[in-house]
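Asks: Place chain B on chain A using the hints.
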Amino acid sequence: MDFNAALFTQYLIIGIASGALIALIALGYTLVYGIVELINFAHGEVFMMGALFATTVVATVGVTNDSSGVAIVFMAIAALLASMLFSGLLNAGIDRVAYRRLRNAPKLAPLIAAIGISFILQNIAIYWKGSNPITPPSLIPTEYVRYNVLTEWFGLETRIRLRVLDLAVLGVTIPLLIGLTWFVYKTRTGKAMRATAQDRDAAALMGIDVNRTIAYAFLIGGALAGAAGMIAVYYNNSARFQMGFRYGLFAFTAAVLGGIGNLAGSVIGALCIGIVWSMSDGFMSQYIEGWGAGWTPAVIFAVLVLVMIFRPTGLLGEQTVDKV
Amino acid sequence: MADTAPTMLDVQDIHTYYGHIHALKGITLQVRKGEIVTLIGSNGAGKSTTLKTISGLLQPRQGEVSLDGRRLNGVPAHKIASLGVAQSPEGRRVFPRMSVLENLEMGAFSRGKADPDDLARVFDLFPRLKERASQKAGTMSGGEQQMLAIGRALMARPTLLLLDEPSMGLAPILVEQIFGIVRDINAQGTTVLLVEQNALMALAIAHRGYVLQTGQIVLADEANALAKNEMVRKAYLGEE
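Taken in order, these protein sequences are the chains called A and B. Note that the numbering used here has the first sequence beginning at 1, numbered continuously upward. Note that the numbering used here has the second sequence beginning at 1001, numbered continuously upward.
Treat the hints loosely; a few may be bogus.
What the hints assert, rightly or not - The list that follows gives simulated cross-link-like pairs (lysine to aspartate or glutamate, EDC-like), each with its CA atoms no further than 16 Å apart:
no.	chain 1	residue 1	chain 2	residue 2
1	B	K1025	B	E1064
2	A	K186	B	E1102
3	B	K1079	A	E37
4	B	K1033	B	D1010
5	B	K1079	A	D209
6	B	K1130	B	E1105
7	A	K186	B	E1105
8	B	K1113	B	E1102
9	B	K1130	B	D1117
10	B	K1130	B	D1118
11	A	K107	A	E37
12	B	K1033	B	D1068
Since the hints were derived computationally from the structure, they do not count as laboratory data.
The shape of chain A in the complex, shown without the other chains (with noise of 0.2 Å):
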């Protein structure tokens, strides 16, 4: 069968959104790995309150479809900051309640720990929002469901979509990336960050306060998984208290691959990620029979373990080499 170039354009861009949504979450995971070196397995969930706590924000505010558009603008983006507040605080919480008290006990117990809060977050989802998929109120005004950038804004004549949606999750990922990177190489928590992820003794000898500075990792962590909680809910126009599951595992995947630890690796692990789920969810099945959206967990697992095997420090990721 012919390639077929537009279908692979149309997935391609799926995969980079879909992608820049998991850097949000794989930097969750790195940021917490980097500094306490913690798997921190209650991180999807972290992600899935976000998205619901973003549902409720605007179904409370009462701004709809119909509003006018600053207003709808204005609603996504304090929805945003919302769910990235409740998520951070969230984060943060759970390190000063689970975490913390762990920090010098075996490395299995915190890990056993954030399973447990990961089903405890699931629970109060379902308690909260009920069992089944929510669809959020809508914020889209209908005539840019449809929308096609590229047909509206460039003239093109394409069967390939781009959606406002689309451009909406890149507009909010690549500012925040270069905000955490900003906030981590300049500003003075982010260097005592860092120097406490190298070395915690050595970074408590010069005065950094290495508790408060853990738990601003998992603030920011936490807050960067309450943006894309708002943007999943959107994305997706469902919720559910189990989406963290999913979208917590292909971030883990991204971050693994990228090299847990390193910030640069885990978005460009997370872009990987996100074509491969796309690839495999829409674009294999034009090639392989049978070939459907059910084997996408299958063959993001598989990268899992064949990155374990042939690459365990991942892409980018050398942090263990000289964490001697």
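Replies: Chain B in isolation, oriented as in the chain A frame:
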């Protein structure tokens, strides 16, 4: 000197444990303002554990540490650092993925911002660090990392400097240089508590010394008296 100077650091009968291991079994020592005091002893005697207990990385289970009369038990390490105690730790512990300059800036963290004068002074003491200012610390040689660890501690402009094995892994010529620098730093007004395996060098620059053995102090005296002590000469200076 300094017999009349006020006691800066007062360690009273501290017991520190690693899990169930009783590492310090009642260490008592004093450091007076302006002194260089050295702790000597063989591997595993508890020298580094003593320093870590003073700087707050470890908490004593019994006994008391106080600085200028202020009790330090239960005070976290980062607060002790902001009281003017800086440590160049065992094994150097520089931040490997930060540049030399960034490492030095981290040294001044408790003071807020790095003072350009302090930076100039450190570069003056260790010209090598200036040449390598933008290099990642983890890629430098052991000797260079040692200089960085000491320089980083000086960036805090400490009133009490804790040095853990500054001669470790260094070529003999560098060892002499480092000890010369420690003496200079002290002459400029910084009180120094120096942990060393190289007892000969340590006693040559120190005012007083303590000899540790399996978590206890077995001898305490003026440095020149310790250097003449028969037991010290046999055990630590390699004389038959």
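Asks: Would the hint linking K1130 (chain B) and D1117 (chain B) be met if the CA-CA limit is 16 Å?
Replies: holds, 14 Å
Asks: Mind checking the alpha carbons of K1130 (chain B) and E1105 (chain B) for me, to see if they're no more than 16 Å apart?
Replies: holds, 13 Å
Asks: Just to be careful, I want the Cα atoms of K1033 (chain B) and D1010 (chain B) compared with a cutoff of 16 Å; is the pair within it?
Replies: Judged against 16 Å, a Cα distance of about 11 Å means the pair holds.
Asks: Hint check: K186 (chain A) vs E1102 (chain B), CA-CA at most 16 Å. Holds or violated?
Replies: holds, 11 Å
Asks: So if I understand the rule, the pair passes when the alpha-carbon distance is 16 Å or less; does K1079 (chain B) with D209 (chain A) pass?
Replies: At roughly 8 Å apart (the allowed maximum being 16 Å), D209 (chain A) and K1079 (chain B) satisfy the hint.
Asks: Need the status of pair K1025 (chain B), E1064 (chain B): alpha-carbon distance at most 16 Å?
Replies: Holds. K1025 (chain B) to E1064 (chain B) sits at ~13 Å (cutoff 16 Å).
Asks: Given the hinted pair K1079 (chain B) and E37 (chain A), is their Cα-Cα distance within 16 Å?
Replies: violated, 24 Å
Asks: Regarding the pair K107 (chain A) and E37 (chain A), is the alpha-carbon distance no greater than 16 Å?
Replies: The given pair, whose Cα atoms are some 8 Å apart, holds under the 16 Å limit.
Asks: Decide if the proposed pair is consistent with the structure: K186 (chain A) and E1105 (chain B), CA atoms, cutoff 16 Å inclusive.
Replies: Holds: K186 (chain A) and E1105 (chain B) sit about 12 Å apart, inside 16 Å.
Asks: Regarding the pair K1033 (chain B) and D1068 (chain B), is the alpha-carbon distance no greater than 16 Å?
Replies: holds, 9 Å
Asks: Between K1130 (chain B) and D1118 (chain B), is the straight-line Cα distance small enough, at 16 Å or below?
Replies: holds, 13 Å
Asks: CA of K1113 (chain B) to CA of E1102 (chain B), is that 16 Å or under?
Replies: Answer holds: K1113 (chain B) to E1102 (chain B) is near 12 Å, not above 16 Å.
This entry does not satisfy hint 3, going by the numbered hints stated previously; all others are met.
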